[in-house]
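Visitor: Below, each chain spelled out in residue letters.
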Amino acid sequence: MPHFPHTRLVFGDGQVLAVSGQHFHVLNVHTGEVIHSTTNLDKDALEKLNNTGPIRCAAVDSTFSHAITTGDDKKLKVWQVRDELKLLSERDLPKKPTEIGFTRDGQTIVVSDKFGDVFSYPLHPDPTPVSSTSQPGASKRGSLTAHENPSNGTLILGHASMLTSYLLTADEQYIITADRDEHIRVSWFPKGYVIERYCLSHEKFVSALHIPSFKSSVLVSGGGDPMLKVWDWMSGKLVSEIMAFDAVEPYIKVKAPKWRKPWHVGDGGEEDDASESKPKGKGRRRGKGKKGAEEAREHSADVEQQQEGTSKPAEPSADVEMAESRADTPATLQLANEDSEDQRLVFAVQRIQSVDRGEHGQFVLFSAVGASAVFYAHLPADGEKAPASSVRAVDLGKPVIDFTVGHDGCVWVLMDAEWGTNAGSVVGDARRVQILAWQDATLSEAPGNESPLVSALNTKMLVPATPAELKTLDLYSPLVSLPKNVDPEHDPLIRDTLSEVAAVASIDGEGKQLTQRELGRLKKKKALLAKIQEQEQQKQRSREGTTEVEADSGREVKRARSESAVEGAPEAGGGTNTGAETRDVEMGAS
Amino acid sequence: MAKRKRAGDDGNGNGDGVADAGSSKQVQNDVLPQKRHYRQRAHANPFSDHALAYPASPDQFDWDAHYPAFAGSGKRPEFADVGCGFGGLLIALAPLFPDTLMLGMEIRVQVSQYVHDRIVALRSTTPADPSSTSPGPYQNVSIVRANAMKFMPNYFEKHSLSALFFLFPDPHFKARKHKARIISPTLLAEYAYVLRPGGIVYTITDVRDLHDWMRTHLEQFPLFEPVSEEELRKEGKGPIVDAVYTSTEEGKKVERNKGDKWLACFRRIEVSRD
Numbered sequence: 001m002p003h004f005p006h007t008r009l010v011f012g013d014g015q016v017l018a019v020s021g022q023h024f025h026v027l028n029v030h031t032g033e034v035i036h037s038t039t040n041l042d043k044d045a046l047e048k049l050n051n052t053g054p055i056r057c058a059a060v061d062s063t064f065s066h067a068i069t070t071g072d073d074k075k076l077k078v079w080q081v082r083d084e085l086k087l088l089s090e091r092d093l094p095k096k097p098t099e100i101g102f103t104r105d106g107q108t109i110v111v112s113d114k115f116g117d118v119f120s121y122p123l124h125p126d127p128t129p130v131s132s133t134s135q136p137g138a139s140k141r142g143s144l145t146a147h148e149n150p151s152n153g154t155l156i157l158g159h160a161s162m163l164t165s166y167l168l169t170a171d172e173q174y175i176i177t178a179d180r181d182e183h184i185r186v187s188w189f190p191k192g193y194v195i196e197r198y199c200l201s202h203e204k205f206v207s208a209l210h211i212p213s214f215k216s217s218v219l220v221s222g223g224g225d226p227m228l229k230v231w232d233w234m235s236g237k238l239v240s241e242i243m244a245f246d247a248v249e250p251y252i253k254v255k256a257p258k259w260r261k262p263w264h265v266g267d268g269g270e271e272d273d274a275s276e277s278k279p280k281g282k283g284r285r286r287g288k289g290k291k292g293a294e295e296a297r298e299h300s301a302d303v304e305q306q307q308e309g310t311s312k313p314a315e316p317s318a319d320v321e322m323a324e325s326r327a328d329t330p331a332t333l334q335l336a337n338e339d340s341e342d343q344r345l346v347f348a349v350q351r352i353q354s355v356d357r358g359e360h361g362q363f364v365l366f367s368a369v370g371a372s373a374v375f376y377a378h379l380p381a382d383g384e385k386a387p388a389s390s391v392r393a394v395d396l397g398k399p400v401i402d403f404t405v406g407h408d409g410c411v412w413v414l415m416d417a418e419w420g421t422n423a424g425s426v427v428g429d430a431r432r433v434q435i436l437a438w439q440d441a442t443l444s445e446a447p448g449n450e451s452p453l454v455s456a457l458n459t460k461m462l463v464p465a466t467p468a469e470l471k472t473l474d475l476y477s478p479l480v481s482l483p484k485n486v487d488p489e490h491d492p493l494i495r496d497t498l499s500e501v502a503a504v505a506s507i508d509g510e511g512k513q514l515t516q517r518e519l520g521r522l523k524k525k526k527a528l529l530a531k532i533q534e535q536e537q538q539k540q541r542s543r544e545g546t547t548e549v550e551a552d553s554g555r556e557v558k559r560a561r562s563e564s565a566v567e568g569a570p571e572a573g574g575g576t577n578t579g580a581e582t583r584d585v586e587m588g589a590s
Numbered sequence: 001m002a003k004r005k006r007a008g009d010d011g012n013g014n015g016d017g018v019a020d021a022g023s024s025k026q027v028q029n030d031v032l033p034q035k036r037h038y039r040q041r042a043h044a045n046p047f048s049d050h051a052l053a054y055p056a057s058p059d060q061f062d063w064d065a066h067y068p069a070f071a072g073s074g075k076r077p078e079f080a081d082v083g084c085g086f087g088g089l090l091i092a093l094a095p096l097f098p099d100t101l102m103l104g105m106e107i108r109v110q111v112s113q114y115v116h117d118r119i120v121a122l123r124s125t126t127p128a129d130p131s132s133t134s135p136g137p138y139q140n141v142s143i144v145r146a147n148a149m150k151f152m153p154n155y156f157e158k159h160s161l162s163a164l165f166f167l168f169p170d171p172h173f174k175a176r177k178h179k180a181r182i183i184s185p186t187l188l189a190e191y192a193y194v195l196r197p198g199g200i201v202y203t204i205t206d207v208r209d210l211h212d213w214m215r216t217h218l219e220q221f222p223l224f225e226p227v228s229e230e231e232l233r234k235e236g237k238g239p240i241v242d243a244v245y246t247s248t249e250e251g252k253k254v255e256r257n258k259g260d261k262w263l264a265c266f267r268r269i270e271v272s273r274d
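If you're matching them up, the sequences are chains A and H in order.
Each residue of the first sequence is one higher than the one before, counting from 1 in UniProt numbering.
Each residue of the second sequence is one higher than the one before, counting from 1 in UniProt numbering.
Keep in mind that the hints were calculated from the coordinates and are not lab data.
Please read these numbers as outputs of a predicted model, since none were measured by experiment.
One thing to keep in mind: the hints can contain errors.
[What the hints assert, rightly or not] Pairs of lysine-lysine, DSSO-like flavour, derived with a Cα cap of 30 Å: (1) A:191 / H:252; (2) H:177 / A:237; (3) H:253 / A:539; (4) A:215 / H:252; (5) H:237 / A:523; (6) A:237 / H:158; (7) A:191 / H:158; (8) H:253 / A:523; (9) A:385 / H:252; (10) H:234 / A:75.
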């Protein structure tokens, strides 16, 4: 019988909260003794839990009085975990959350979601919801509602991109948010409408944020870029980098499937035109979208069948539209164990933490989605670019799901023990949890350190799962949902107006038919080019001896020609061709 | 609106700003791009991943390539026209503020290409005003193909803009599409970030619902206060207001159809921490 891996550990006050599938347990850190577990709830409560799908986000307040969890059902649950385990409230969230947490006083819950918004909620739902006036527009019902807000949350801020993570600064004066479109935003908290700063220079999605407790002026961020970035977040200045990718690459066990076909997104193409030689954009895109969806449905069909009757996880809601438009993954992915030809390597930083080892230095620890090790490096000095050789790895053999730094600096690692095996064939001693301990400046598997908690988590606290349930868990979906799904070759903005004229010859040579419209544009451009040349000649004639202008214009045309030759080549760097726009506008033609 | 937005199907393919540009219409028509050669669907989903090229941050952008006549001056755009369409406003404002850099942002490929080609043509064929000390005509306007809902801060530094234009934006009539409107409580925070205190947001539309939407959200946003048309005219911004009303293709179309236009302008203000 396969079991759910533990997907999250939250420490505090001598206790730990461990998440497995749709359940969580609270254990004593020292004795491993079980204090609470949702598996011990009464039958009705259990049945309800089975319908929510796995817990995706969980948090505990600083005094370990309350825990919050969210599953795939977009419900925010507040649990009492002191004395007695009790579900206190359940609130609908507008979108699927990506991160949840408490403010330090434990009275406010902050939730970031896939639509890109951050809402805050009071710990206990207001029994008589009064529409608050502090949130611009959000509380009003009707034609002016910009945001769905079923539980009357306070809208703090929003990005027009999927929000991957947020952080409150130590003084809780600022909230730092990261999104899939490379942004890190620093806003006031709770007045999130005032943006203090952006920390910009990431060229791929940002998926993890961390502020070291021992250096609160510093923010460490990571995502799809090959390096972690260290910022002075108040000024937005990039202070140092840790080259991570080369160190991580050998450990990346789980790869993402190749895009079936890049969707012909967004650009819309042109309207129907009899002379149009390419298929029109709309039809093509629609076709692909549908096909993708159908394939996804096929993949998940078995899952759905098995779940029918017992459960209805993840109602396909309004999110779907958003998800689709974001290329946000078919629901079920076949990630592991596919032949390598269909896979591509995706680097996505999962979590960043830090440890101050005093005289041995200050360390940044991180994990990557689907990689089988925990990585660590010294926090680089300002201005330093720490090379990948400075990053060390502790290999655990199985993909690391998450890790948590305990109070003593020990690192608790959660592993996907079932990975790479046929479901159910995992032998009893498979490690799901492992402690790493420090020796001076080296982190390694603690020898003989069989803490009661570890053995409890590895043996006692296992929640059985069906293969279908494990599939729903979809641990590696960020590998698909985070990178952009665009065809890098499809950037039809012609950067150089006059180059088109020069390009005609080569296009004709390939026998490609030009549309009426393209011909029309070319005619105008030819006329423009002729006019410019004529003007240049006039100028030259009038200014005898000044040959510079002529030379310039000649060069211009030549440049135009060479650029048009390059244009067919795919642009490097995938979706985010930063800096590629340097040649964008060639307007110096006079 | 959706239908009306379709470019160039009015048969009047020539650039709408040409007449405003004033000089030598016949000569320019020979070389100016024609809208009917750049037709495109009116909508682009702002939430999807477009194959866009954009800078990671404003200082990584090659501004000199866009404003070669201002190269080395360190000048950055002060006016931004979000969803500039066929560029009518930029072309109208360019001669009025020859030393102010302006940037249009347009997500549709064909349309942004049109504006680009148009600026290239105007720059190289408009005779320079001999009395002016500014760089040549239309050197101060440019266009990027960009998704302003996502990438505004990639182009503009904090408090770098003095004017932000939202002229006849896509109304997204259906309630479930309202979230795609260019004015929303959350996006306003980004606009406030790029606008300097005192800077003006100009909005205009021929759709009453959208006007109410934009006005309400801007009024409720703590960093903006309404400013009346009279006030703006008193401050010498009359020519801008006039251009907002009449210079765009959409504005002209509404006029031809004798429709109403609703203007709403707001000033960026500052708030205290507490």
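Visitor: For a C-alpha distance cap of 30 Å, please report whether residue 253 of chain H and residue 539 of chain A respect it.
Guide: Distance of about 40 Å is beyond 30 Å: violated.
Visitor: Verify the proposed pairing of residue 237 of chain H with residue 523 of chain A, using a straight-line Cα cut of 30 Å.
Guide: With Cα atoms ~39 Å apart, residue 237 of chain H and residue 523 of chain A exceed 30 Å; violated.
Visitor: Quick one, are residue 234 of chain H and residue 75 of chain A close enough, alpha carbons at most 30 Å?
Guide: violated (53 Å)
Visitor: Within a Cα-Cα threshold of 30 Å, do residue 177 of chain H and residue 237 of chain A meet the stated pairing?
Guide: violated (37 Å)
Visitor: Are the Cα atoms of residue 253 of chain H and residue 523 of chain A separated by 30 Å or less?
Guide: holds (27 Å)
Visitor: So if I understand the rule, the pair passes when the alpha-carbon distance is 30 Å or less; does residue 191 of chain A with residue 252 of chain H pass?
Guide: Violated, at about 40 Å.
Visitor: Would the pair residue 385 of chain A and residue 252 of chain H pass a check requiring their Cα atoms to be no farther apart than 30 Å?
Guide: Violated, because 55 Å separates the two Cα atoms, which is more than 30 Å.
Visitor: Hinted pair, alpha-carbon criterion (30 Å max): residue 191 of chain A, residue 158 of chain H. Please report holds or violated.
Guide: Between residue 191 of chain A and residue 158 of chain H the Cα gap is close to 17 Å, so the pair holds against 30 Å.
Visitor: Please work out if residue 237 of chain A and residue 158 of chain H have their alpha carbons no farther apart than 30 Å.
Guide: The given pair, whose Cα atoms are some 14 Å apart, holds under the 30 Å limit.
Visitor: With a cut-off of 30 Å on the C-alpha distance, tell me whether residue 215 of chain A and residue 252 of chain H pass.
Guide: Violated, at roughly 58 Å.
Going down the numbered hints, you'll see the structure goes against 1, 2, 3, 4, 5, 9 and 10, while the others check out.
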